[in-house]
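Engineer: The chain contents come next:
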Amino acid sequence: MNKRIQQNVMIKGTKDGFMLHLDDSCSFSELLKELEVKLSANYQFQENDPSISVKVHTGNRYLDEQQEEKIKEVIHKKKKLFVDEMISNVLTKDEAKRWKDENQVTTVTKVIRSGQVFEVPGDLLLIGDVNPDGTVRAGGNIYIMGQLKGIAHAGYKGNNEAIIAASVMKPAQLRIAGQVNLSPDQYTKWGHDLECAFMDEEENIIIEKLQVLKKYRPNLNRLEGGL
Amino acid sequence: MGEAIVITSGKGGVGKTTTSANLGTSLALLGKKVCLIDTDIGLRNLDVIMGLENRIIYDLVDVVEGRCKIHQALIKDKHFEDLLYLLPAPQNSDKTVVNEEQMRKLISDLKPDYDYVIIDCPAGIEQGFRNAIAGADKAIIVTTAERPAVRDADRIIGLLEKEEHIEPPQLIINRIRGHLLHEDEEMDIDGVTDFLKIDLIGVIPDDDQVIVAANKKEPIAYNPDNRVSLAYRNIARRILGESVPLTPIGSEPKGFMSKLKKFFSVR
Numbered sequence: 001m002n003k004r005i006q007q008n009v010m011i012k013g014t015k016d017g018f019m020l021h022l023d024d025s026c027s028f029s030e031l032l033k034e035l036e037v038k039l040s041a042n043y044q045f046q047e048n049d050p051s052i053s054v055k056v057h058t059g060n061r062y063l064d065e066q067q068e069e070k071i072k073e074v075i076h077k078k079k080k081l082f083v084d085e086m087i088s089n090v091l092t093k094d095e096a097k098r099w100k101d102e103n104q105v106t107t108v109t110k111v112i113r114s115g116q117v118f119e120v121p122g123d124l125l126l127i128g129d130v131n132p133d134g135t136v137r138a139g140g141n142i143y144i145m146g147q148l149k150g151i152a153h154a155g156y157k158g159n160n161e162a163i164i165a166a167s168v169m170k171p172a173q174l175r176i177a178g179q180v181n182l183s184p185d186q187y188t189k190w191g192h193d194l195e196c197a198f199m200d201e202e203e204n205i206i207i208e209k210l211q212v213l214k215k216y217r218p219n220l221n222r223l224e225g226g227l
Numbered sequence: 001m002g003e004a005i006v007i008t009s010g011k012g013g014v015g016k017t018t019t020s021a022n023l024g025t026s027l028a029l030l031g032k033k034v035c036l037i038d039t040d041i042g043l044r045n046l047d048v049i050m051g052l053e054n055r056i057i058y059d060l061v062d063v064v065e066g067r068c069k070i071h072q073a074l075i076k077d078k079h080f081e082d083l084l085y086l087l088p089a090p091q092n093s094d095k096t097v098v099n100e101e102q103m104r105k106l107i108s109d110l111k112p113d114y115d116y117v118i119i120d121c122p123a124g125i126e127q128g129f130r131n132a133i134a135g136a137d138k139a140i141i142v143t144t145a146e147r148p149a150v151r152d153a154d155r156i157i158g159l160l161e162k163e164e165h166i167e168p169p170q171l172i173i174n175r176i177r178g179h180l181l182h183e184d185e186e187m188d189i190d191g192v193t194d195f196l197k198i199d200l201i202g203v204i205p206d207d208d209q210v211i212v213a214a215n216k217k218e219p220i221a222y223n224p225d226n227r228v229s230l231a232y233r234n235i236a237r238r239i240l241g242e243s244v245p246l247t248p249i250g251s252e253p254k255g256f257m258s259k260l261k262k263f264f265s266v267r
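Protein sequence lines correspond, in order, to chains A and B.
Take the first sequence: its position 151, counting from 1, is numbered 151 in our numbering, and each next residue is one higher.
Take the second sequence: its position 265, counting from 1, is numbered 265 in our numbering, and each next residue is one higher.
Keep in mind that the hints were calculated from the coordinates and are not lab data.
Backbone N, C-alpha and C define an ideal beta-carbon position, used for all residues, glycine too.
Treat the hints with care, as some may be off.
[As the list claims (entries may be wrong)] Label pairs and their computed distance ranges (CB to CB):
| no. | chain 1 | residue 1 | chain 2 | residue 2 | range |
| --- | --- | --- | --- | --- | --- |
| 1 | B | Tyr222 | A | Ile207 | 52 to 58 Å |
| 2 | B | Asp94 | A | Lys157 | 40 to 46 Å |
| 3 | B | Gly178 | A | Arg98 | 44 to 50 Å |
| 4 | B | Ser93 | A | Gln104 | 49 to 55 Å |
| 5 | B | Arg67 | A | Asp185 | 55 to 61 Å |
| 6 | A | Lys110 | B | Cys68 | 53 to 59 Å |
Full structure from sequences and hints, please.
Structural biologist: Structure below.
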């Protein structure tokens, strides 16, 4: 048997900075106490030392926001340390569900009509039209197999990387994250097929042929392989 | 057990009431027993178009509030023995005096006695609209081929699609003017159906005779020689389940020579 006193806090150095492993079987107050002791026993920093980032790994312990704050507080007491990241092996059900929702494609077949607002947390694949005065909103990307004549708002929670693609792109407005792009007063009768909209580095919404997406948003490709 | 069909449009002035009157008349001409209900409380029109306004004694609100029996309020159209009836709206109340539950009950009371209950809906999407659709099994959307009317029809279809008791709505495009179609000034029939993406049940041409008929207090559908009347009768047959092809409107070529040719070939 291991006679040594159980170490609840382990400090490891990595090339990016410190890694703090917090044991997940002891009580939270014990953990906090030991963390304080461990950190104060440490080396005294000089004024001109660079600050050191700390990654905190909490194992299988779930910490709520208040507890996370407390741990950060203890670490921040040491002047040169700052918490870079809190890593945990566990998620709450709510977080897991939100994570799933935000990362899945919702497929719907319907016409979004005048006055209707259709909203999904993740990506939206709409098989149908968005008519004038209709709105679609997605936390992620919007793909429309049909005519976009209303408003499409991609990445509405602030995702600048989100894109909007439509078989026929004649929107009243395009919105990506916080940016709005108003339509021209008149669309030409031809030549708005298979277009996409995305945001460039200067946060302008660009409308382009679908082919350019591969260049600007390579991350859209989730499947590897093929020819 | 009959069917309740609501005639609605969203926008005013596109021909809901004219359509209700003419479809009701056409169905009666085909031998069906029809009850027309005017739900435009406070702004009734259907009685005038049917030419029955002088015979109103009780109205819809009297019925739902129990001041009279349904059969006392129904006005029989004298053109028929026992086929066409009208339940008029009051002119001196407003739309909030009736609620959806009362309408549902009223219509379910009427349906066993009639083949078709046709509900003329007021313009707008407020209480009057909700009352009108509450008891309906089917909906017919009336629109003209103008953008404002089509936009409102789109809104209405969106609202109707949420109502699970109503079948997917069908579309009538009213007052199509052939000459504007040729000049590309108007959305054409394909443009409207492509936009709204619902089934087209009929197309009504624009004709001054409709106004003449309204002033004569007799729906145009009684006139067997008019093209509007024919269009309404065809819609009535489609409602009965017959497959009647759509008559093309404005498809005649326009040049002088072709007109001349047509003149000689037809007359």
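Engineer: So, for every hint listed, does it hold in this structure?
Structural biologist: Results of checking the hints against the structure:
Between Tyr222/B and Ile207/A, the C-beta spacing of about 55 Å keeps the proposed range 52 to 58 Å intact. Here the CB-CB span from Asp94/B to Lys157/A is close to 44 Å, well matched to the stated 40 to 46 Å. Look at Gly178/B against Arg98/A: about 57 Å separates their beta carbons, and that is not inside 44 to 50 Å. Separation of Ser93/B from Gln104/A is about 51 Å and conforms to the stated range, judged on CB atoms against 49 to 55 Å.
The given range of 55 to 61 Å is respected by Arg67/B and Asp185/A, whose C-beta atoms sit roughly 56 Å from each other. Range check, Lys110/A to Cys68/B: Cβ separation about 44 Å, and the 53 to 59 Å hint is violated.
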